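Undergrad: With the hints as constraints, model all of the structure from the sequences given.
Number of protein chains: 2
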Amino acid sequence: MKITLLGAGKLGKQLYRAFVNTPEINLVQWYDRSALSKESPEGIPIITSLSEIQETNLYLLSISDDALVEVANKLPSTSFVVHTAGSVPMDAIPQKRRGVFYPLQSFSENQVIDFSTIPIGIESTDEKDTAMLMQLAHLMGGRPQNLSSNQRETLHLSAVLVNNFTNHLLTHAAKLCASQNLSFELLRPLLIETVRKTEQLKPHEAQTGPALRNDQKTIHRHLERIYDPALKNIYKTLTTSIQTYYENEKL
Amino acid sequence: MKITLLGAGKLGKQLYRAFVNTPEINLVQWYDRSALSKESPEGIPIITSLSEIQETNLYLLSISDDALVEVANKLPSTSFVVHTAGSVPMDAIPQKRRGVFYPLQSFSENQVIDFSTIPIGIESTDEKDTAMLMQLAHLMGGRPQNLSSNQRETLHLSAVLVNNFTNHLLTHAAKLCASQNLSFELLRPLLIETVRKTEQLKPHEAQTGPALRNDQKTIHRHLERIYDPALKNIYKTLTTSIQTYYENEKL
Numbered sequence: 427m428k429i430t431l432l433g434a435g436k437l438g439k440q441l442y443r444a445f446v447n448t449p450e451i452n453l454v455q456w457y458d459r460s461a462l463s464k465e466s467p468e469g470i471p472i473i474t475s476l477s478e479i480q481e482t483n484l485y486l487l488s489i490s491d492d493a494l495v496e497v498a499n500k501l502p503s504t505s506f507v508v509h510t511a512g513s514v515p516m517d518a519i520p521q522k523r524r525g526v527f528y529p530l531q532s533f534s535e536n537q538v539i540d541f542s543t544i545p546i547g548i549e550s551t552d553e554k555d556t557a558m559l560m561q562l563a564h565l566m567g568g569r570p571q572n573l574s575s576n577q578r579e580t581l582h583l584s585a586v587l588v589n590n591f592t593n594h595l596l597t598h599a600a601k602l603c604a605s606q607n608l609s610f611e612l613l614r615p616l617l618i619e620t621v622r623k624t625e626q627l628k629p630h631e632a633q634t635g636p637a638l639r640n641d642q643k644t645i646h647r648h649l650e651r652i653y654d655p656a657l658k659n660i661y662k663t664l665t666t667s668i669q670t671y672y673e674n675e676k677l
Numbered sequence: 427m428k429i430t431l432l433g434a435g436k437l438g439k440q441l442y443r444a445f446v447n448t449p450e451i452n453l454v455q456w457y458d459r460s461a462l463s464k465e466s467p468e469g470i471p472i473i474t475s476l477s478e479i480q481e482t483n484l485y486l487l488s489i490s491d492d493a494l495v496e497v498a499n500k501l502p503s504t505s506f507v508v509h510t511a512g513s514v515p516m517d518a519i520p521q522k523r524r525g526v527f528y529p530l531q532s533f534s535e536n537q538v539i540d541f542s543t544i545p546i547g548i549e550s551t552d553e554k555d556t557a558m559l560m561q562l563a564h565l566m567g568g569r570p571q572n573l574s575s576n577q578r579e580t581l582h583l584s585a586v587l588v589n590n591f592t593n594h595l596l597t598h599a600a601k602l603c604a605s606q607n608l609s610f611e612l613l614r615p616l617l618i619e620t621v622r623k624t625e626q627l628k629p630h631e632a633q634t635g636p637a638l639r640n641d642q643k644t645i646h647r648h649l650e651r652i653y654d655p656a657l658k659n660i661y662k663t664l665t666t667s668i669q670t671y672y673e674n675e676k677l
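Line by line, the protein sequences are chains A and B. Take the first sequence: its letters are residues 427 to 677, numbered as in the numbering used here. Take the second sequence: its letters are residues 427 to 677, numbered as in the numbering used here.
If you are wondering where the hints come from, they were derived from the structure by calculation, not from laboratory data. Any given hint could be a false lead.
Calculated from the model, a selection of chain B residues having no Cβ within reach of chain A, i.e. all distances over 10 Å [unchecked claim]: (1) K428; (2) S463; (3) Q480; (4) D491; (5) V538; (6) T597; (7) L664.
Below, in silico cross-link-like pairs of lysine to aspartate or glutamate (DMTMM-like), each with a Cα-Cα straight-line distance of 25 Å or less [to be verified]: (8) B:K436 / A:E619; (9) A:K428 / A:D552; (10) B:K522 / B:D540; (11) A:K628 / B:D654; (12) B:K436 / A:D641; (13) A:K662 / B:D654; (14) A:K500 / A:D540; (15) B:K658 / A:E675; (16) B:K658 / A:D552; (17) B:K601 / B:E611; (18) A:K439 / B:E625; (19) B:K601 / A:E675; (20) B:K628 / A:E611; (21) B:K500 / A:D641; (22) A:K662 / B:E611; (23) A:K658 / B:D540; (24) A:K601 / B:E625; (25) A:K436 / B:E553; (26) B:K522 / B:E535; (27) A:K601 / B:E673; (28) A:K436 / B:E631; (29) B:K643 / A:D517; (30) A:K522 / A:D555; (31) A:K658 / A:E625; (32) A:K658 / B:E673; (33) A:K658 / B:D552; (34) A:K658 / B:D458; (35) A:K643 / B:E496; (36) B:K628 / A:E535; (37) B:K601 / B:D552; (38) A:K601 / B:E478; (39) B:K658 / A:E535; (40) B:K623 / B:D654.
Note that the structure is predicted; figures quoted are calculated from it, not measured. Where a beta carbon is used, it is the ideal one built from N, C-alpha and C, also for glycine.
TA: Below you can see the structure in the form of structure tokens.
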């Protein structure tokens, strides 16, 4: 399978590493607008201009949502062009042969991702092209899954809750701990248990705490203890949401 | 060490199990207001009235925050009385010899907790009594830690963020997934990575996502996708808080 990878951001770098480590994948070129060298350490030609691009089976765009359409527009109209974005519809790609290859994970700069645990959302307009993306995911050892644009965008939104928002809650918790000379590590067993519990129970069954019990005394004490207005807002909003959720459930 | 355990809620049951499984701990009586039998399966006398209570080294109250002071008031004024609540000050206990023994974990009804991983916040007015609580925690295999009432209440608030609020975010994510016939399990690798990352990075360093990037297009698309007004509020509140947090950091 001849592939061109476009983009060298966090995900682009992870895909590059996975591709060069998979003998069945022939990475023909790597497009990196701001590259300084013409070849990667593994001997893959790097191009900085789309005018140098060669023909391959698949152009995989790992490029910021905003620049994605612009780059796709510069690729041959008959090519198979695929993006990797969570919240961009497949139809944003102008080519007739278009698709999506969306690995659902939070990627860091300095970390080698093991794709074998990662769900990869696949979408395409054509059965054969879908099969090609499935094969690519399998070759990388990933777990492909057919997802419509609609499903993928909902999954991406869910991922924001699970990853970005949870991480921000942890940020506030760490800040609170630091303010009282407490190690954040004191919270780790609880954090691990919070995640583990959802293996046995649905998250809505695992809910506990002052908001669920409508324990006004504790809620009041907590709010008195919060000086950061942003955290105060978070506390009130989530407490209200928990209460509304379980009141509606009773109806 | 002669102990009286008061209360048979989620935590009370876990403490009971840990005590009867520790030969060095002599659990003299178990107070359970609504018990039907006079003896536990392990042969511990169960009392339903405080008038039957015997003298021991330590009265451990695992009782709801609201009922705690009332029960403590009925115990001998010279006894050592200790509560297990996260957000009740130690001085709520009227006895001169008072203390706190606060295991930081989320307890479920049908699950045997391994105390060896659990931080236990210890507080008391007297050095010898503190030592007794430390010893009790050690005997159970727990990880005791001196915490002032102030520290403990901040830790309890942090635990609400880490456990209750995170779990509610997961509840909304699961609901979104269900609305599009997506398995919640698709999110598990991301959830595990979210937690794992905080072992290497501070939570505030691990932040990613549309709020941090100020990616208005994606934020707008997400808000359009949310029909639940409570979740819409959560999304807006957390997005604003993330943006405020990192703007202030730049200053």
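Undergrad: Taking the hints in turn, state whether each one holds.
TA: Results of checking the hints against the structure:
no.	hint	verdict
1	K428	29 Å, holds
2	S463	27 Å, holds
3	Q480	32 Å, holds
4	D491	6 Å, violated
5	V538	13 Å, holds
6	T597	4 Å, violated
7	L664	5 Å, violated
8	B:K436 / A:E619	15 Å, holds
9	A:K428 / A:D552	18 Å, holds
10	B:K522 / B:D540	32 Å, violated
11	A:K628 / B:D654	19 Å, holds
12	B:K436 / A:D641	17 Å, holds
13	A:K662 / B:D654	17 Å, holds
14	A:K500 / A:D540	32 Å, violated
15	B:K658 / A:E675	19 Å, holds
16	B:K658 / A:D552	35 Å, violated
17	B:K601 / B:E611	12 Å, holds
18	A:K439 / B:E625	23 Å, holds
19	B:K601 / A:E675	13 Å, holds
20	B:K628 / A:E611	11 Å, holds
21	B:K500 / A:D641	24 Å, holds
22	A:K662 / B:E611	29 Å, violated
23	A:K658 / B:D540	33 Å, violated
24	A:K601 / B:E625	16 Å, holds
25	A:K436 / B:E553	53 Å, violated
26	B:K522 / B:E535	33 Å, violated
27	A:K601 / B:E673	16 Å, holds
28	A:K436 / B:E631	15 Å, holds
29	B:K643 / A:D517	16 Å, holds
30	A:K522 / A:D555	11 Å, holds
31	A:K658 / A:E625	30 Å, violated
32	A:K658 / B:E673	18 Å, holds
33	A:K658 / B:D552	35 Å, violated
34	A:K658 / B:D458	37 Å, violated
35	A:K643 / B:E496	16 Å, holds
36	B:K628 / A:E535	15 Å, holds
37	B:K601 / B:D552	50 Å, violated
38	A:K601 / B:E478	46 Å, violated
39	B:K658 / A:E535	31 Å, violated
40	B:K623 / B:D654	30 Å, violated
The structure shown violates the earlier hints numbered 4, 6, 7, 10, 14, 16, 22, 23, 25, 26, 31, 33, 34, 37, 38, 39, 40.
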